[in-house]
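Novice: Using the sequences plus the hints, can you model the full thing?
Position one of the sequence shown corresponds to residue 475 (this note's numbering), numbered consecutively onward.
Simulated from the structure, these hints should not be mistaken for laboratory data.
Note that beta-carbon positions come from the ideal geometry of N, C-alpha and C, so glycine has one too.
Mixed in with the good hints there might be a few duds.
[Unchecked claim] Derived CB-CB ranges, DEER-like: (1) Phe502 to Met535: 12 to 22 Å; (2) Thr568 to Thr496: 32 to 42 Å; (3) Val571 to Phe495: 26 to 36 Å; (4) Glu504 to Asp543: 29 to 39 Å.
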Amino acid sequence: MQLRTSRFGDIDVPDGSVITFTQPIIGFQEYRRFVLLPGPAESAVTWLQSTESGELAFLLMNPKDVVPDYRVQLGQHELSELAVAAVAELEIYTILVVSEDV
Numbered sequence: 475m476q477l478r479t480s481r482f483g484d485i486d487v488p489d490g491s492v493i494t495f496t497q498p499i500i501g502f503q504e505y506r507r508f509v510l511l512p513g514p515a516e517s518a519v520t521w522l523q524s525t526e527s528g529e530l531a532f533l534l535m536n537p538k539d540v541v542p543d544y545r546v547q548l549g550q551h552e553l554s555e556l557a558v559a560a561v562a563e564l565e566i567y568t569i570l571v572v573s574e575d576v
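Specialist: This is the structure in structure tokens:
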């Protein structure tokens with residue numbers, strides 16, 4: 475799939491790399507398909523780029539990079555929805571918010 479983005483220009487996205495959210499990100503209900511793109515080299519950040527809007531991308535990081543004992547507790551319903559048996563099978567990210575006054 476060819477994807478035109480505002481941050482990364484035109485990129486080729488393999489079909490198997492598209493992540494489809496079963497529940498939307500709060501405030502972005504109409505966007506459910508995303509791809510992970512690497513952040514700058516030597517960086518702990520990753521981009522979550524919408525395949526439905528080239529303008530929409532979120533900056534992510536693994537929360538364990540900041541809080542080493544960070545834990546996610548999910549019930550059986552959530553695990554089933556994610557099609558996994560245990561949290562250890564998941565990659566966990568948090569969305570970063572960068573203020574205008576960095």
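Novice: Determine for every hint whether it applies to the structure shown.
Specialist: We went through each hint and held it up to the structure:
Separation of Phe502 from Met535 is about 19 Å and conforms to the stated range, judged on CB atoms against 12 to 22 Å. For the pair Thr568 and Thr496, the beta carbons lie near 19 Å from each other, so the given range of 32 to 42 Å is not met. For Val571 paired with Phe495, a C-beta distance near 19 Å fails the hint of 26 to 36 Å. For the hinted restraint 29 to 39 Å between Glu504 and Asp543, the CB-CB distance of approximately 36 Å keeps it satisfied.
Hint check: violations occur at hints 2, 3; the rest are consistent with the structure.
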